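Construct all of the structure, not just a fragment, from the sequences and the given hints.
Remember, our numbering sits 884 above the position in the sequence shown when you count from 1.
Simulated from the structure, these hints should not be mistaken for laboratory data. Given the structure is predicted, the values throughout are model-derived calculations rather than measurements. Ideal Cβ positions, reconstructed from N, Cα and C, are used throughout, including at glycine. Hints may be right or wrong, so weigh each one.
Label pairs and their computed distance ranges (CB to CB) [to be verified]:
#1 A1064 x G925: 28 to 34 Å
#2 D1056 x R913: 50 to 56 Å
#3 D997 x D898: 20 to 26 Å
#4 G1038 x D905: 33 to 39 Å
#5 P931 x A910: 31 to 37 Å
#6 D1056 x E1016: 28 to 34 Å
#7 L1070 x R993: 38 to 44 Å
#8 D898 x T998: 23 to 29 Å
#9 P1054 x V951: 36 to 42 Å
#10 R1042 x D997: 38 to 44 Å
Subject to a maximum C-alpha distance of 20 Å in a straight line, what follows is the list of computed DMTMM-like cross-link-like pairs (lysine to aspartate or glutamate) [claimed, not checked]:
#11 K1006 x E1018
#12 K1035 x E1086
#13 K1035 x D978
#14 K1035 x E942
#15 K1035 x E1096
#16 K1006 x D956
#17 K1035 x E949
#18 K1035 x E1099
#19 K1006 x E1016
#20 K1035 x E950
#21 K1006 x D978
#22 K1006 x D957
#23 K1006 x E985
#24 K1006 x E989
#25 K1035 x D1083
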Amino acid sequence: MTNVDNNPTDGLIDRWMGLCDALSLAGDRGELLGAGRELVGMYSSDPRRTYHNVGHLEACLRALEEVRELTDDAPVVAAGLWFHDAVYVPGAGDNEPRSAELAAEMLGRLGVDTVRLEAIAKLINITSHQDEPESHDEQLICDIDLAILGKPWGEYSRYAASVRWEYAVPNDQFASGRSAFLRNMLGREHIYHTRRFGDQYEQTARENMQRELVELAG
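Printed below as a string of structure tokens:
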């Protein structure tokens, strides 16, 4: 596809159309483009989404490309990533279920079969990081979503600052909630579920989160 209008989201739309081909989605080109633009709009239209936006989506999709050979069903994992933060309200406990419902409605309308719809919903819901992922693709999508935790400190600190801006709450309230999240992650036997991500990110992720905890307490 040739990018005619140089829109900064054109690259994402190209990726979306590639996913449509990989999933053999029904519908004419206009309908598929419309669905993709609607989805990209959910990530890009709210200025309060300073981390859970198109930048995060793009980073996740790039990370998937690097481990594509490790997936059991790469298009399903890609679909899970596309929708995993489509609905995002800071602090809400139902972001993932609502995103999964959106995926079922949109992808079901475009012809994705029931088996794949159920798999996509599981992938989206597991990115709440509350339950232990069971399948290999569930492990991969969790690791991709949390890869930012193991990035170099400069990148990690920008992520942490972006997350802070998403929460319109007093500093002490945010620090309390954020610290609880960090302690929960640090208390786990492992942050990453696959050897590929564990070898690459586990140690740095623990160092980053411990450093942020100290800063939050300061």
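Does E1016 lie within 20 Å of K1006 when you go C-alpha to C-alpha?
12 Å, holds
Is the hinted range of 28 to 34 Å satisfied by the C-beta distance from A1064 to G925?
32 Å, holds
Indicate whether the distance between the beta carbons of D1056 and E1016 respects the range 28 to 34 Å.
32 Å, holds
Quick one, are K1035 and E1099 close enough, alpha carbons at most 20 Å?
Holds, at roughly 18 Å.
Check the hint pairing K1035 with E942 against an upper bound of 20 Å on the C-alpha distance.
Roughly 16 Å between the alpha carbons, so the hint for K1035 and E942 holds.
K1035 paired with E949 [C-alpha distance capped at 20 Å]
17 Å, holds
Would you check the hint for K1006 and E985, treating anything up to 20 Å between C-alpha atoms as holding?
Holds, at about 11 Å.
Does the hinted range 20 to 26 Å hold for D997 and D898 at CB?
Roughly 24 Å apart at Cβ, these two residues keep to the hinted range, so it holds.
Is it true that the C-beta distance of P931 to A910 lies inside 31 to 37 Å, as the hint says?
34 Å, holds
Holds or violated: the 36 to 42 Å window for the beta-carbon distance between P1054 and V951?
39 Å, holds
Holds or violated: are the alpha carbons of K1035 and E1096 at most 20 Å from each other?
Given that 20 Å is the threshold and the Cα spacing comes to 13 Å, the pair holds.
Between the alpha carbons of K1006 and D978, is the straight-line distance 20 Å or under?
Holds - the C-alpha atoms of D978 and K1006 are around 14 Å apart, at most 20 Å.
Checked against the numbered hints above, the structure violates only hint 13.
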